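> Residues per chain, in single letters:
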Amino acid sequence: MSVDLKLYSAIKNSGIDLILSLPCIMLKNLLDLIEEKNEIKHISITREEEGVGIAAGAYLCGKIPALLIQNSGLGNSVNAIKSLLHLFKIPVVFIMSHRGAEGEKISAQIPMGRLTPHLLDLLEIEKFVIDSEEKINHIETAVELSTSAEVSTCILLKKTLWGLK
Amino acid sequence: MGFKMKRFDAIRKIVDSLRDEILVCNIGAPSRELFNIKDREENFYMLGSMGLASSIAFGIAISKPSCKIWCIDGDGSLLMNLGSLSTIANNPPSNLVLIVIDNGSYGSTGNQKTYTSKKTKLETVAKGAGFDSIIVIKNEDNIIPTLEDLGKGCHFVKIEVLPGNAQVENIPLNPEDLKHRFMKSISK
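Order-wise, the sequence lines are chains H and S. Residue 126 in our numbering sits at position 126 of the first sequence; the count goes up by one each step and never skips. Position in the second sequence counted from 1, then plus 1000, gives you our numbering.
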């Protein structure tokens, strides 16, 4: 089974039933799978902060929503994470590709890439790093924590998960 | 021209048109005014996250197809999240009415002008985003008949009003209590 299929299965089995996405080259195959399988409701968004709002609305109706985005979008979501999700204790799972980290070739990705782990700490969002196939089961753990403790969590997908350097 | 209503008058008419709709209300003065006109368990008052009223309402609409959702948004906040119009129009739920009360100003912060007081027309933006049903209301008397006549669909309703806030109290509800009350009411 490919890495992307394993990721897809883990997301589906975790109970996530709404995915709000913006693309990233690292997420291309996973996004294609989500579309092909057509088992999890999937909506493309125009900006990550918007996705936080949609996810909040869905959670209020009993859904388990996730944002599937690049880490650059964390910066676009900061106010909504604090003044909507944290204020009302609305949990959302952020599944993020981590650009701008080890081995990044695009210089523009690096500042936000370096900030991302620290920003998550500042935002008080627990992060689960997936850098190898063995850690894909972190997805289930993160979703369980989110739903049981009403906290947002973040799954950071590293390049090494796909064997990229 | 010649309209005299303010946001408070428009919200009062919206409330008078309500049956069992879920209401998501924009941050600041609109939420305070709604709370003081009529508090209901089915009202979700946005206390922060300016710009996201339409997104929250859309998230509810796609998750609760059996319920009707009305969203009270404002011109300043919608301008902050114009992409939301594209997302909604391209995934149109059959149970959503996006009501934008346009007073051409950032009312909660001292009535500084927004661009809708100049050249920007939100109904044209909504049309470009892909909304099929767009209604503009300028006369207070048309609010109730218009809202009561709306059928199933995804509608964009703009109500033009004058700037100005009613002198009303803050919302005394704790955010978590508000969330639980709202979730309980819509799970019925």
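There may be inaccurate statements among the hints.
[To be verified] For lysine-lysine, the following BS3-like pairs were computed, each having C-alpha atoms within a straight-line distance of at most 30 Å:
1) H:K82 to H:K37
2) S:K1006 to H:K41
3) H:K105 to H:K41
4) S:K1179 to H:K89
5) S:K1121 to S:K1004
6) H:K82 to S:K1004
7) H:K89 to H:K165
8) H:K63 to S:K1004
9) H:K63 to S:K1152
10) H:K82 to S:K1152
11) S:K1119 to H:K105
12) H:K63 to H:K89
13) H:K12 to S:K1184
14) H:K63 to S:K1068
15) S:K1119 to S:K1038
16) S:K1006 to S:K1068
17) H:K89 to S:K1004
18) S:K1152 to H:K127
19) H:K12 to S:K1179
20) S:K1184 to H:K82
[Claimed, not checked] Here are some chain S residues the structure puts well away from chain H; computed CB gaps all over 12 Å:
21) I1027
22) S1094
23) N1111
[To be verified] Just a few of them, taken from the derived set where beta-carbon distance is under 8 Å, the chain H residues facing chain S:
24) R47
25) A58
26) G75
27) N76
28) V78
29) A108
Hints in this document: simulated from the structure, not taken from any laboratory. In this text, all values refer to a predicted model and were calculated from it rather than measured experimentally. Note that CB positions come from ideal geometry on N, CA and C, so glycine has one too.
> Indicate, hint by hint, whether the structure satisfies it.
Hint check:
Distance restraint check for K82 of chain H and K37 of chain H: the Cα-Cα separation of roughly 33 Å exceeds the 30 Å cut-off, and the hinted pair is therefore not satisfied. Distance hint between K1006 of chain S and K41 of chain H is unfulfilled; the C-alpha atoms sit about 40 Å from each other, more than 30 Å. A threshold of 30 Å between alpha carbons decides the hint, and for K105 of chain H with K41 of chain H the separation of about 33 Å lies outside it, so the pair is violated. With a C-alpha separation of about 8 Å, the suggested pairing of K1179 of chain S with K89 of chain H holds against the 30 Å cut-off.
Among the hinted pairs, K1121 of chain S with K1004 of chain S is consistent with the structure: their alpha-carbon atoms are about 19 Å apart, no more than 30 Å. Annotation: proposed proximity of K82 of chain H to K1004 of chain S is violated, straight-line Cα distance about 37 Å (limit 30 Å). Between K89 of chain H and K165 of chain H the alpha-carbon distance is near 37 Å, which puts this suggested pair outside the 30 Å criterion. Of the pairs offered as hints, the one joining K63 of chain H and K1004 of chain S is violated, with about 42 Å between alpha carbons and a cut-off of 30 Å exceeded.
About 23 Å separates the Cα atoms of K63 of chain H and K1152 of chain S, which keeps this hinted pair within 30 Å; it holds. For the proposed pair K82 of chain H and K1152 of chain S, the alpha carbon gap of about 34 Å is over 30 Å, so the pair is violated. The hinted pair formed by K1119 of chain S and K105 of chain H fails the criterion: a straight-line CA distance of about 43 Å is larger than 30 Å. For the proposed pair K63 of chain H and K89 of chain H, the alpha carbon gap of about 15 Å is at most 30 Å, so the pair holds.
Proposed proximity of K12 of chain H and K1184 of chain S is supported: the alpha carbons are some 26 Å apart, at most 30 Å. The straight-line distance between the Cα atoms of K63 of chain H and K1068 of chain S is roughly 17 Å, inside the 30 Å bound, and the hint therefore holds. Note on K1119 of chain S and K1038 of chain S: the hinted pairing is violated, with a Cα-Cα distance of about 34 Å set against a maximum of 30 Å. Of the supplied pair hints, the one linking K1006 of chain S and K1068 of chain S holds, its CA atoms being roughly 25 Å apart against a limit of 30 Å.
With a C-alpha separation of about 40 Å, the suggested pair K89 of chain H and K1004 of chain S falls outside the 30 Å cut-off, and the hint is violated. With a C-alpha separation of about 42 Å, the suggested pair K1152 of chain S and K127 of chain H falls outside the 30 Å cut-off, and the hint is violated. Distance check on the hinted pair: K12 of chain H and K1179 of chain S sit about 27 Å apart at the alpha-carbon level, within 30 Å; holds. With a C-alpha separation of about 23 Å, the suggested pairing of K1184 of chain S with K82 of chain H holds against the 30 Å cut-off.
Distance check on I1027 of chain S: its Cβ comes as close as 9 Å (rounded) to a Cβ of chain H, failing to clear the 12 Å threshold; non-interface status is violated. Taking the minimum C-beta to C-beta distance to chain H, about 15 Å, the non-interface status of S1094 of chain S holds against the 12 Å cut. For N1111 of chain S, the non-interface assignment is confirmed: its Cβ lies about 22 Å from the closest Cβ of chain H, beyond the 12 Å cut-off. For R47 of chain H, the interface hint holds, the least distance from its beta-carbon to any beta-carbon of chain S being 5 Å, beneath 8 Å.
With its C-beta approaching chain S no nearer than about 4 Å, A58 of chain H sits inside the 8 Å limit, and its interface hint holds. Against a cut-off of 8 Å between C-beta atoms, the interface hint on G75 of chain H is violated, since the closest Cβ of chain S lies about 15 Å away. Checking N76 of chain H against chain S by beta carbon gives a least distance of about 11 Å; that is not within 8 Å, so the hint is violated. For V78 of chain H, the interface hint is violated, since its Cβ never comes within 8 Å of a Cβ in chain S; the closest pair sits about 11 Å apart.
Residue-level restraint check for A108 of chain H is violated (minimum Cβ-Cβ distance to chain S is 22 Å; threshold 8 Å).
This entry does not satisfy hints 1, 2, 3, 6, 7, 8, 10, 11, 15, 17, 18, 21, 26, 27, 28 and 29, going by the numbered hints stated previously.
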